[in-house]
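J.: The residues making up each chain are set out below.
2 protein chains.
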Amino acid sequence: MDLSPATAAAATGTVLEGRVRAVIETVRPEVDGGRFPVKRVVGERVTVEADAFADGHDTLACVLRYRHEADADWSEAAMRPIGNDRWRGAFEAQKPGRYRYTVSAWVDHFLSWRHDFARREESEDIAVAARAGAALIREAAGRAEAADAARLRGWAGDLEGAADTQARRRVALDEELAALAGRWPDRRFAATYGRELAVVVDPERARFSTWYEMFPRSAGSRPGRHGTFRDCEKRLDYIASMGFDVLYFTPIHPIGRSRRKGRNNALDPAHDDVGSPWAIGSEAGGHKAILPELGTLEDFRRLVARARARGIEIALDLAFQCAPDHPYVSEHPEWFRQRPDGTVQYAENPPKRYQDIYPFDFESEAWPALWEELKSVIEYWIAQGVRIFRVDNPHTKSFAFWEWAIADIKSRHPEVLLLSEAFTRPKVMHRLAKLGFSQSYTYFAWRNTKRELTEYFTELCGGEDREYLRPNVWPNTPDILTEYLQHGGRPAFCARLLLAATLAASYGIYGPAFELLERAPREPGSEEYLDSEKYQIREWDIDRPESLREFIARVNAIRRDNPALQRDWSLAFLGVDNDLLIAYRKATDDLSNVVITVVNLDPYHRQAGWLEFDAAAFGLDTRASYQMHDLVSGARYLWHGSRNFVELAPGMGHVFRLRRRVRTERDFDYFM
Amino acid sequence: MDLSPATAAAATGTVLEGRVRAVIETVRPEVDGGRFPVKRVVGERVTVEADAFADGHDTLACVLRYRHEADADWSEAAMRPIGNDRWRGAFEAQKPGRYRYTVSAWVDHFLSWRHDFARREESEDIAVAARAGAALIREAAGRAEAADAARLRGWAGDLEGAADTQARRRVALDEELAALAGRWPDRRFAATYGRELAVVVDPERARFSTWYEMFPRSAGSRPGRHGTFRDCEKRLDYIASMGFDVLYFTPIHPIGRSRRKGRNNALDPAHDDVGSPWAIGSEAGGHKAILPELGTLEDFRRLVARARARGIEIALDLAFQCAPDHPYVSEHPEWFRQRPDGTVQYAENPPKRYQDIYPFDFESEAWPALWEELKSVIEYWIAQGVRIFRVDNPHTKSFAFWEWAIADIKSRHPEVLLLSEAFTRPKVMHRLAKLGFSQSYTYFAWRNTKRELTEYFTELCGGEDREYLRPNVWPNTPDILTEYLQHGGRPAFCARLLLAATLAASYGIYGPAFELLERAPREPGSEEYLDSEKYQIREWDIDRPESLREFIARVNAIRRDNPALQRDWSLAFLGVDNDLLIAYRKATDDLSNVVITVVNLDPYHRQAGWLEFDAAAFGLDTRASYQMHDLVSGARYLWHGSRNFVELAPGMGHVFRLRRRVRTERDFDYFM
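In order, the protein sequences belong to chains A and B.
According to the numbering used here, the residues represented by the first sequence are -7 to 664, in order.
According to the numbering used here, the residues represented by the second sequence are -7 to 664, in order.
To be clear, the hints were calculated from the coordinates, so they are not data collected in a lab.
All values reported here derive from a predicted model rather than from experimental measurement.
Any given hint might turn out to be false.
It does not matter which identical chain is used: a pair holds within one copy or between any two.
[Said to hold, decoys possible] With a Cα cut of at most 20 Å, we get these calculated SDA-like pairs of lysine to any residue:
1) K419 with G48
2) K344 with I118
3) K226 with A339
4) K344 with D108
5) K367 with E323
6) K442 with Y476
7) K344 with R111
Based on the provided sequences and hints, a complete structural model is requested.
T.: Right, dumping it as structure tokens:
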């Protein structure tokens, strides 16, 4: 869409400049007509395409304009035509924050003249055209800096002085002249796309992250003792050894006493029940306080620092809701809805009632103070060293609040990341991603069959929505123990971990429940854990021999070593003639790293099949064999052509790295 | 995209009203983010969809707002949820001109309360909820007009006074109360979509029109005599008898003398050669003058009136370019580019030169005067009674000019239609349609095979572009004598006419060349006619027995009688197991008129095949037979089920109208 002065004004009846002949349409990427930014991480290229054309047959020039919001000046990158009036250009997102970009195009008279000149045949016609060209070159000289101006005037003289058709052609079509004149185009009547689009540039972890969720209170080393931040420190090496780089704590704040839930969500808690960490707030404080049993603020800051020293960021849970005894309830009753009986409105979804939780009223007249206070909670924890937040049920707080709060915080802290936990309707989930969340929980947990996984990840990784929604996939959470895990045993845990870790550049597990294969539901047909940590302290024997710890460490090491697995957009599914085997590949843009994953979705039986891989498209000599190096088992297979046999034990997978043949001698093959 | 005060401001850091919780996205139809209007004709419904939702689980209300630009007040139509947070509503475009539309949505507390109330179970909970509901109803009374206010207060009293759970339920869920409260919602915090979208409403002929193009100078009744408007008058009955409703004249203006082209585009004309009508302008005048040989302005106005009396509109050709002796050239040299040798720049596309044509320079400094003058040409002919224009090569004039001129003219003359003749690149063709042309020439002439036709018309009739681009398809024009027509003889002409007339609601032919099967090219491999009327007067014997006149009349009568053929959007192709048979259906929305066309694309051989038609989807009893009435031959066939046999002579076609069985008695079938 072109909203140059001329055409924008045309729609309203007054035209400011009618000589703007180029138009610009369909700029991509663009989210909802430019209403929302797209997302990239530092170091990525932002490739922009646009339709640009003018009336008639003149030649266009087209540039991509961009600037970091902190910079006053625009930079430009040339855009090249790629056919059908479409143009493409790119710039590199060098630093975090927000960049702006737009497109500008103009009818270039020098280029048009040059294009036509090459096609002229009659010598008289060529002589006249040479005079026209000399005039254009002198005009360029008039726009140029001194040195270039002098050189351009020299070219104009050469063109005028050329003795014959051959000489005129030689001068007119000289590449150096074209480059020089191209530096000083006449852009008086350039069209500029009517919108400045935005790209939010995050740290690389926004795209590639490996999460481990835990209840810090269960980190204790002795049965029955409430875990502390000091205990969590001792757990860091274990978590680092598995290759996680985000350690997400369930809420660490004081837990409400009033209407506290007991074990297994009982309405009648025992006096020593610890309650749900999401029932935030008590006499001991609210969202800026720490549950005393966990330790002090100093302990927390030390933990953050020690985690960071191991390459791990501590992520906090932002659960913007209150237990009935949260200080906000008495200090700011205006932030809550009242029931006709004078009590505070608790959360409900009739006939279900959650009387231990008071939601904020986002239609409160005092919304400005409420918004500021909630934002200050985030600011507070940033000041304590936290850079990553997992946001609990963001879809039950107003969209406008999130957009405002995230934009404000990221304008000062562009390194901050927020993960949206919106297990809700797709449009709502997407809106939250658009308005600023860095990553989003997905429906992965409930996508189990080959068809479900293929459709869902094709949509996530291949559709236009990937411009703003970065999936983060979880095989389990404290609320989600899937049927597949409940019944499939260890093979099911392996398959889901492999899928999560190789389908998505960001994934997470809730541990130690996951690696210790915890899979008893509270009752048949429920996705809730039996004896859930949400309501009680659990002791975990992380050294149990059946732990998936080593397997997880191996898989995460593979992710770290293979850049193809650190991004989502290259994902493509491969054919296998067995619906219980799923196969897909990811690759870096330069194809230097190509990874093919095959997973046996059947947790009960071995499965085998023939896998289709278009080896020729990856530059392989289809007459020779190539090596597939299974990074899980270490085994190396020789494949040939586009159809190869695979066979896998229940729940197991190959993560093949393609090794190219670099040289063949008589008896030896070398692979790089 | 929602640009309510809250969220729009959020993006910039200042929030005006944070209590707006609903958001609105992805409103359709919408062209290029609202930059361009969509198109409808008078009497059509404008169906609008939008995503609308809010945080949490509250119930939304959503309305479509619309107004004709001539009206000050907005009207509203309810939108209904159609699943996945999408809403749909519609309004009728009752008069020509421009309508505006947008969408508004809000969290409706009464509806939310009612929704929850129906799900509450505990009597204490219900009692408290009843009090909350009574308060909401009193609030509605506060917004209501007197009579409704009193009734609402009555309901509130009833609800408060209800003696038990059953009574509370009965009152709370009463439909009449819901309707009454729904009339007075609290819209203080309503979100409104950030853009007002536009729809241009044209007369019906914009959607359904049947064009006949002719050179008026060839309408003469005696060989060698220049035809006149009086001769054209005599031709009106002939044209009306074939069922055409737009008679489009090639340019009627004085023709340049200087560099005039001779017969068959010769550079050395004979002294009595008449020249190309598109070389406009001479001593006798320019674009507002009439070639004296054709008659007077009075003759022209009389012709327009007499045509209209027969249901035919005269369409003029707007060819904005000048012959060298056009008065503009001497009076306004500033509107043309000069060559370095001081001559005026003629049209060229090197190495081709068109020295008889001077294009206007849309980068002229005097562009405002040029734009005004060109627009005044259109105004001039409107003043003479012309309502339809065919625009020659609009893509060689600036887009901004067209957008400005068309918007201005249609604001005063909404009945005016303009057909864009842009045989050029797709993006350019589409831009012209977006910026205001009522209809567009297409690539139909070069789409011949079943696959080409299927792909092209699926795109034209099924894609989002149909919101602004109305195709007008032509089997031939004075510039286009296709290979298929050259070689296929009479069957090829029949097939192409049938395809044009039944695939597209608007089509046209260039006659009498078409109905008289004119098909000799100037040279092999050329699409130019031999002895083209562009350069000479032709005498046509319209009474030749081989004329397609009767066939055309039959086909156009079928179009007139079958509303399904008068619109494009319902087009769907049907399977036939023979690639030389193409079949498709069109239907009215209510399925009262269903037309299936089958055409034999082979001009040389009979072809037969089995046609697939999902009879059940059209409400037919698949166990009974149904009648297919071929409106071309008059024959009636009994079909059964979804697979039926068809067989056609070369180039021939069926245009079946589906006749439903209305009643069966022992021995008789009746079809309506």
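J.: How would you classify K442 and Y476 at a CA-CA limit of 20 Å: within, between, both, or neither?
T.: Answer is within: at 14 Å inside a copy they meet the 20 Å cutoff, but 49 Å across does not.
J.: Have a look at K344 and R111 and pick one of within, between, both or neither, based on CA distance no larger than 20 Å.
T.: between (78 Å within a copy, 9 Å between copies)
J.: When no copy is specified for K226 and A339, does a C-alpha distance of 20 Å or less occur within a copy, between copies, both, or neither?
T.: Neither: 37 Å inside a copy, 82 Å across copies.
J.: When no copy is named, should K419 and G48 be tagged within, between, both, or neither for a Cα gap of at most 20 Å?
T.: Answer is between: at 13 Å across copies they meet the 20 Å cutoff, but 43 Å inside does not.
J.: Evaluate K344 and I118 at a C-alpha cut-off of 20 Å and name the case that applies: within, between, both or neither.
T.: between (85 Å within a copy, 13 Å between copies)
J.: Should K344 paired with D108 be assigned to within, between, both, or neither, using CA atoms and 20 Å as the limit?
T.: between (76 Å within a copy, 10 Å between copies)
J.: Is it within, between, both or neither when you check K367 against E323 at 20 Å Cα-Cα?
T.: Classified as within: same-chain Cα gap 17 Å, cross-chain 69 Å, threshold 20 Å.
This entry does not satisfy hint 3, going by the numbered hints stated previously; all others are met.
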